[in-house]
Amino acid sequence: MSEVTALADPVCPSCGAAIHAGDAFCEACGATVDGATAVAAPPEAPAVGAEAGAADALSAAAGGVVAATFISAAPRSERPHAEATPCLVCGGAVAGDGYCETCGTKARTWRDHWTESPAPWLGAVCDRGVRHSRNEDAMATMASAEAPPHPDSLAVLVVCDGVTSAPDSDQASLAASVDARDHLVAAARSTSHTSGAAAIEAMVHAITASCRIAQVAVTRVTDRLIAASPTGTLSEPPSCTFVAAVVADGRATVGWCGDSRAYWLGDDGSGLQLSHDHSLASELIAGGMTRAQAEQDPTAHTITRWLGIDSPSPTADTMTFDLPGPGWVMVCSDGMWNYASEPSQLSALMAQAVADGATTPTTIAESMAAFANNQGGADNIAVILARIEQNPEPVPNKES
Amino acid sequence: MASFTADVFQNEYLPDGSTEVHAVVSVTCTGAGQAGQTGSGDAAEIIIIDTSGSMDMPSAKIIAARRAAHVALDEIHDGTWFAVVAGNTGAQLIYPRQGTMVKMDAGHRSAAQQWVAQVQPGGATTIGAWLDCARDLFLSVPAAQRHAILLTDGKQEHEAPAELDRAIAQSKGVFQCDCRGVGDNWVVEQLRKIATGLLGTVDLIATPEQMEADFEAIIKRSMSRGVADVQLRVWAPAGSEVMFVRQVAPDVDDLTPRAVQVSELIREFPTGAWADESRDYHVAVRVPTAPVGSERLAARVELVVDDQVQAKGLVRAVWSADTDLTTRINPAVAHYTGQAELADAIQQGLAARKSGDEEAATMLLGRAAKIAHDAGNESTTRLLAKVVDITDPDTGTVRLKKEVATLDEMALDTSSTKTVRVRRDPAPDGSPPAGPPPGGQP
Chain P
1 MSEVTALADP VCPSCGAAIH AGDAFCEACG ATVDGATAVA APPEAPAVGA
51 EAGAADALSA AAGGVVAATF ISAAPRSERP HAEATPCLVC GGAVAGDGYC
101 ETCGTKARTW RDHWTESPAP WLGAVCDRGV RHSRNEDAMA TMASAEAPPH
151 PDSLAVLVVC DGVTSAPDSD QASLAASVDA RDHLVAAARS TSHTSGAAAI
201 EAMVHAITAS CRIAQVAVTR VTDRLIAASP TGTLSEPPSC TFVAAVVADG
251 RATVGWCGDS RAYWLGDDGS GLQLSHDHSL ASELIAGGMT RAQAEQDPTA
301 HTITRWLGID SPSPTADTMT FDLPGPGWVM VCSDGMWNYA SEPSQLSALM
351 AQAVADGATT PTTIAESMAA FANNQGGADN IAVILARIEQ NPEPVPNKES
Chain D
401 MASFTADVFQ NEYLPDGSTE VHAVVSVTCT GAGQAGQTGS GDAAEIIIID
451 TSGSMDMPSA KIIAARRAAH VALDEIHDGT WFAVVAGNTG AQLIYPRQGT
501 MVKMDAGHRS AAQQWVAQVQ PGGATTIGAW LDCARDLFLS VPAAQRHAIL
551 LTDGKQEHEA PAELDRAIAQ SKGVFQCDCR GVGDNWVVEQ LRKIATGLLG
601 TVDLIATPEQ MEADFEAIIK RSMSRGVADV QLRVWAPAGS EVMFVRQVAP
651 DVDDLTPRAV QVSELIREFP TGAWADESRD YHVAVRVPTA PVGSERLAAR
701 VELVVDDQVQ AKGLVRAVWS ADTDLTTRIN PAVAHYTGQA ELADAIQQGL
751 AARKSGDEEA ATMLLGRAAK IAHDAGNEST TRLLAKVVDI TDPDTGTVRL
801 KKEVATLDEM ALDTSSTKTV RVRRDPAPDG SPPAGPPPGG QP
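Protein sequences, first through last, are from chains P and D.
Just so we're aligned: the first sequence equals residues 1 to 400 in my numbering.
Just so we're aligned: the second sequence equals residues 401 to 842 in my numbering.
Keep in mind that the hints are not guaranteed to be accurate.
Among the chain P residues that face chain D by a calculated CB cut under 8 Å, a handful are [unchecked claim]:
1) Arg108
2) Trp110
3) His132
DEER-style ranges, computed between Cβ atoms [what the hints assert, rightly or not]:
4) P:Thr304 - D:Met401: 54 to 64 Å
5) P:His301 - D:Arg686: 29 to 39 Å
6) D:Met643 - P:Thr231: 26 to 36 Å
7) P:Pro326 - D:Pro688: 30 to 40 Å
8) P:Pro86 - D:Gln708: 48 to 58 Å
9) P:Ser229 - D:Gly639: 29 to 39 Å
10) P:Gly96 - D:Ala613: 42 to 52 Å
11) P:Arg212 - D:Met401: 45 to 55 Å
Here are some chain D residues the structure puts well away from chain P; computed CB gaps all over 10 Å [said to hold, decoys possible]:
12) Arg633
13) Ala638
14) Asp724
Everything labelled a hint here was simulated from the structure, so no lab data went into it.
Source: prediction; values computed, not measured.
Even glycine gets a Cβ: it sits at the ideal position worked out from N, Cα and C.
Please put together the full structure from these sequences, using the hints given.
Printed below as a string of structure tokens:
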């Protein structure tokens, strides 16, 4: 912690952009950066310890008193357009404005690709993909140092997929996922004293509330964009999907709005899609079409629920799932599941990644994102994996 | 302290495989100050008056020229190096009486005005020699910003045409020159060549009595140019081709041939001295294509003074599979593409008419009528209507007039390069303005 606080400029805890003292929101990503959450971050890619330290402050701001075991990760605070990094296309120097001085290619920023691993049992990657010029997917994660089956183990996985047709959805999705994550971390702390049905109900309630908070974040970004627009209007307000999973007490509590998904992928080959897309494809499947047929339909990706000021129902559906044994909780955007929709396909991809030498949740997630990119990378990709090595028995009457 | 801003107007989205990037870069200078008074060096001003024999036919021309020079001298700020040159067969100093330029003060002003009042016409029109004389004078004093005004009523004679080209070439970068022709015996093409080479303007003074006000305005404007020497620096990526860099407002002026290669990827275009004003540039670059989803900088456009970058605009290329994005037409680019085409159509149409090719003239001037009408360029439409009968401006249907006054033809020719600023209608979708704000004509 001391290494972190010794460092200078205040930066946004979400995106690492410089902020001014007293700013309520980050100008770059729209995340909340009120005085309490404005933490100093290292000027270069943070070491694991530093990352955890910065995240501590974040959690503290979100949840008040937080045990030291709780750590969450903010995106790397690498400065966008770091001049030291050469152009990925031609190797030329990158100018201060973020473009290669030789071939003009826009340099990749942290927003185009980043990974998070707040604890060794959780890994995440968010990637621009191939076909889109901006990464409108966003994610936010948290994991305790203790992994399951430790009774205090906790992980929060949030993905928001910005709707590409609406400009600046990248800012909205990032603010939404960060705020939802922060709420869930705080809520998990306060419900850790309850147990049984009350605990399950409290977590479902927290998931529902985190979706509302994500909607507030999108609205806030929208208001800011409108205020900054010379015409005082936007051609289309930013919007995004939402999916969140809290892994605690041997259980996954899941909420979603739109077509970003949560899966259970058991080591024994059992797999399950925990969320049910709010999309026309889902309606087609409900109407009797096979999943393969429905997902081929040109309207398949039209979502019927989303977050945004133009959304008729920015609310989450929820479910709880008792984790049956060793396996993975996965949360992802359609940029991933477009290329592997069935749980069995996703399990096969993970097995392939491990066979290819991936050893950590992050490297497995990177490998899966690389697969999506190799398949065409038609959309932004976000993948979060939480490893459940062994589950605590769901405790009906846990004493805190 | 002068400050510059640069705003870029473009549709950066390109369909897969596309390579051509167009943008309008609108540059505005504020706080320019006054010529010679901003610490960047002295200013120098030369007034060149045609005193050939024709200026006495009628004598109203030489009388007006004396009067105009008098008023121009009033406008030159104290402390500015100056001279008045009489152009005839060769060139003579009217003031100072001999030697080199002097710095303006009350005594020199009144002495110069007395000598100007006594100028007598006689001799021929050797414009090349006049430019040589002005250049030698300018180079004899330590001035950083040099401007001349050249008045003639006739065409170059008693001098090989190549002499004019040579004089222009040698004067490039030495001084800027605004050219004015009085009456209908001069050649627009000749003065345009000078103005284009020496970063000035060309215009018609139809009758001698308009000369005084015109000179006053020209010198006032020159004196308000407090930023001496501004370069437009354009970087374009490796493997690209800068198709053109064209000033499109307040008038059309193709800068492309003036490019000075600074490095492999950077070229600079001299834009002369600046007052508080806005100028728009249309930049077109052909860049290597890149996969859908990629973004490449197509041009970095910078305003440079004394090798210091004052403002920067980024012209981007983003390849996209979204046809909603890639098919959008930027109104500023479309408007100025039309304005440049308008200038071409008028100049070529008038040339065709002169050479007797009525069919081509009708087609080109019809096209011009349509563009001027569509763009709301009323002054050009008015001038066109004196050369052709506009039957239907919407389709560009015109008939050549049988009798056209030479002056009307010249007025149309000289005004062909003057553009109107893009209309800034509020965008229907509430998106940011697609073009620079409308600005006044200089």
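Okay, the hints, checked on the actual structure:
Taking 8 Å as the C-beta cut-off, the interface hint given for Arg108 (chain P) is violated, the closest approach to chain D being about 10 Å. With 8 Å as the threshold, the beta carbon of Trp110 (chain P) stays out of range of chain D, its nearest partner Cβ sitting at about 16 Å, so the hint is violated. The beta carbon of His132 (chain P) comes within 5 Å of a beta carbon in chain D, closer than 8 Å, and the hint placing it at the interface holds. Here the CB-CB span from Thr304 (chain P) to Met401 (chain D) is close to 57 Å, well matched to the stated 54 to 64 Å.
A C-beta distance of roughly 35 Å is found between His301 (chain P) and Arg686 (chain D), which places it inside the suggested range of 29 to 39 Å. Take Met643 (chain D) and Thr231 (chain P): their Cβ atoms lie about 32 Å apart, and the range 26 to 36 Å holds. Separated by about 50 Å at the C-beta atoms, Pro326 (chain P) and Pro688 (chain D) break the suggested range of 30 to 40 Å. Distance hint check: the CB atoms of Pro86 (chain P) and Gln708 (chain D) are about 27 Å apart, inconsistent with the given range 48 to 58 Å.
One distance hint, 29 to 39 Å for the beta-carbon pair Ser229 (chain P) and Gly639 (chain D), holds here, with the actual separation near 36 Å. Range check, Gly96 (chain P) to Ala613 (chain D): Cβ separation about 48 Å, and the 42 to 52 Å hint holds. Hint check: Arg212 (chain P) to Met401 (chain D), Cβ distance near 51 Å, so the stated range 45 to 55 Å holds. The beta carbon of Arg633 (chain D) is kept farther than 10 Å from every beta carbon of chain P, the shortest such distance being approximately 13 Å.
Against chain P, the non-interface label of Ala638 (chain D) is violated: not every CB pair exceeds 10 Å, the least being about 5 Å. Residue placement check: Asp724 (chain D) does not keep its beta carbon more than 10 Å from all beta carbons of chain P (closest about 8 Å).
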